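S.K.: Per our numbering, the first sequence starts with residue 1, numbered consecutively.
No lab work stands behind these hints, which were simulated from the structure alone.
Note that the structure is a prediction, hence the values are computed from the model and not measured.
Careful: at least some of the hints might be erroneous.
Stated by the list, open to error - Simulated DEER-style distance windows between Cβ atoms:
1. Tyr336 x Val235: 19 to 27 Å
2. Arg255 x Gly137: 43 to 51 Å
3. Gly137 x Gly281: 45 to 53 Å
4. Pro204 x Arg49: 38 to 46 Å
5. Thr379 x Val32: 35 to 43 Å
6. Gly281 x Met176: 32 to 40 Å
7. Asp105 x Ser203: 27 to 35 Å
8. His76 x Gln279: 56 to 64 Å
9. Ala77 x Glu307: 14 to 22 Å
10. Gln279 x Gln10: 51 to 59 Å
Just so you know, even glycine gets a beta-carbon here, dropped at the ideal spot from N, CA and C.
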Amino acid sequence: MSDTPNNNEQVRFADFGLAPEILRALTDQGYVHPTPIQAQAIPIVLQGRDVMGAAQTGTGKTAGFSLPIIQLLLAHASTSMSPARHPVRALILTPTRELAVQVADNVKAYAAHTALRSTVVFGGMDMKPQTETLRRGVEVVIATPGRLLDHVEQKNISLAQVQMLVMDEADRMLDMGFLPDLQRIINLLPKKRQNLMFSATFSPEIKKLAGSFLTDPVTIEVARSNATADKVTQVVYKVPEEQKRDVVEFLIRSRELKQVIIFSNTKIGASRLSRSLEQAGIKASAIHGDKTQQERMAALDAFKKGEIEVLVATDVAARGLDISDLPCVINYDLPYNAEDYVHRIGRTGRAGASGDAISVFSDKDERLLADIEKLIKQTVTRAELAGFAPSSRGFGRERPARRSGESEARPERSPRPSSPPPRREKVDPWFLKPYEPSVAPRKEAVNTVATGGASKPKPKVAALLGGLPKQ
DNA sequence: AAAAAAC
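Given these sequences and hints, build the entire structure.
M.R.: Here it is in structure tokens:
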């Protein structure tokens with residue numbers, strides 16, 4: 001959501017016929033012009049149509065559905081007399097807890113000058129405060145699926161009056177195995193309702209889900225290209241695996257990064273890197289699924305406030321999180337899933353600002369980089385970092401035959417690296433030496449074996465989708 | 001192979 005110049009420069013929020021209270025909230029936030037997805041989505045949602053939206057976060061998606069929902073709720077007062085004067089009329093589902101909180105914050109801000117009530121419910125936190133708020137009555141609920149069902153079972157909430165359903169990051173919810181929960185939730189809703197589904201990708205599974213849950217949807221698509229190519233400068237450093245930690249520390253110091261998210265593929269890796277950076281005097285916190293919800297929220301909060309410089313995260317933070325003015329994202333590991341690379345680097349370069357996406361990787365991850373480059377249809381600049389040895393096996397073509405004693409080069413890693421910290425003297429921090437990699441030798445036999453085993457479609461999801469009713 | 005989400 002932003003005022004960045006776009007093709008709808010002449011369109012203003014005031015043109016949509018939104019209630020004055022809503023426009024006032026937008027004015028409070030300094031928003032005048034809708035983003036492309038908002039310009040498309042708002043009129044369609046106001047018409048009461050179902051929507052299938054293909055949009056990354058950072059495109060203003062949340063306002064795109066929140067604003068017209070609030071408008072519709074205001075325009076059509078509830079006809080219900082009970083049980084509460086404020087029955088739940090709009091339900092917004094998100095895959096992660098942090099995303100739920102963020103969407104809820106937005107909804108609250110847009111509805112600030114209205115009488116509408118909203119709340120957020122998600123797991124990992126005490127049920128009681130959520131229960132009390134629900135029992136007092138709210139028109140809009142933002143939730144993660146599991147906790148919502150928990151509240152339903154405990155009769156803290158009725159979904160019988162829901163008129164509008166939003167499934168945010170629907171592809172992610174499928175990935176996470178939420179389909180059965182989604183099915184259960186939808187069975188609790190009135191048949192007649194408006195459905196909005198947003199997804200970053202248009203996979204066959206998502207299309208199937210849309211075909212099952214949506215009625216004659218209008219498709220809205222915002223090109224993904226501007227999410228990566230234009231504003232985010234991407235670079236990769238190939239370094240020995242055991243040097244990755246030092247390289248990351250060096251990058252933070254030399255570039256004087258004050259706000260950076262570092263992605264790790266594992267929870268343990270995230271915690272270790274965070275601890276190591278802290279020991280090196282860099283203010284860092286980790287956020288991942290093994291942390292308590294309080295710790296997760298505290299870390300995110302401290303990062304947003306600038307109290308910590310580095311947030312080391314698993315992919316729990318890869319999607320949806322909107323941290324304004326984030327100048328840089330570092331991949332401590334290349335993601336196993338190329339799609340996740342796009343989501344991760346999408347955390348920077350938001351709202352028209354430029355951003356840097358730096359990845360470190362080692363020899364064994366060449367394949368992952370190749371997958372990423374294939375997906376984003378561009379070659380990522382490869383660079384060497386002064387002061388750090390390139391890969392132990394060398395860059396490019398001069399790849400020696402596999403050494404038999406390789407494992408001895410990888411002793412059990414001590415808590416602190418035994419090697420002295422990298423040289424930092426007189427190194428131009430911006431020193432980049434791009435190189436053209438020679439054509440990577442493709443080991444066909446190995447690859448065939450690898451893909452043959454790994455490319456099995458997700459049978460569970462497919463099976464479940466197959467069982468969905470046609471609406 | 002890993003991550004996320006209800007208790």
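S.K.: Hint by hint, say whether it matches the structure.
M.R.: Hint check results:
1. With their beta carbons about 20 Å apart, Tyr336 and Val235 fall inside the hinted range of 19 to 27 Å.
2. For the pair Arg255 and Gly137, the beta carbons lie near 50 Å from each other, so the given range of 43 to 51 Å is met.
3. Gly137 and Gly281 have their C-beta atoms about 50 Å apart, which keeps the hinted 45 to 53 Å range intact.
4. A beta carbon spacing of about 23 Å between Pro204 and Arg49 contradicts the range 38 to 46 Å that was offered as a hint.
5. At roughly 39 Å, the beta-carbon separation of Thr379 and Val32 lies within the given 35 to 43 Å, and the hint holds.
6. Checked against the hint of 32 to 40 Å, the pair Gly281 and Met176 passes, with Cβ atoms roughly 36 Å apart.
7. The hinted window of 27 to 35 Å between Asp105 and Ser203 holds, with their beta carbons roughly 29 Å apart.
8. Take His76 and Gln279: their Cβ atoms lie about 57 Å apart, and the range 56 to 64 Å holds.
9. For the pair Ala77 and Glu307, the supplied restraint of 14 to 22 Å is violated, since their beta-carbon distance comes to about 43 Å.
10. Hint check: Gln279 to Gln10, Cβ distance near 54 Å, so the stated range 51 to 59 Å holds.
The earlier numbered hints that this structure contradicts are 4, 9.
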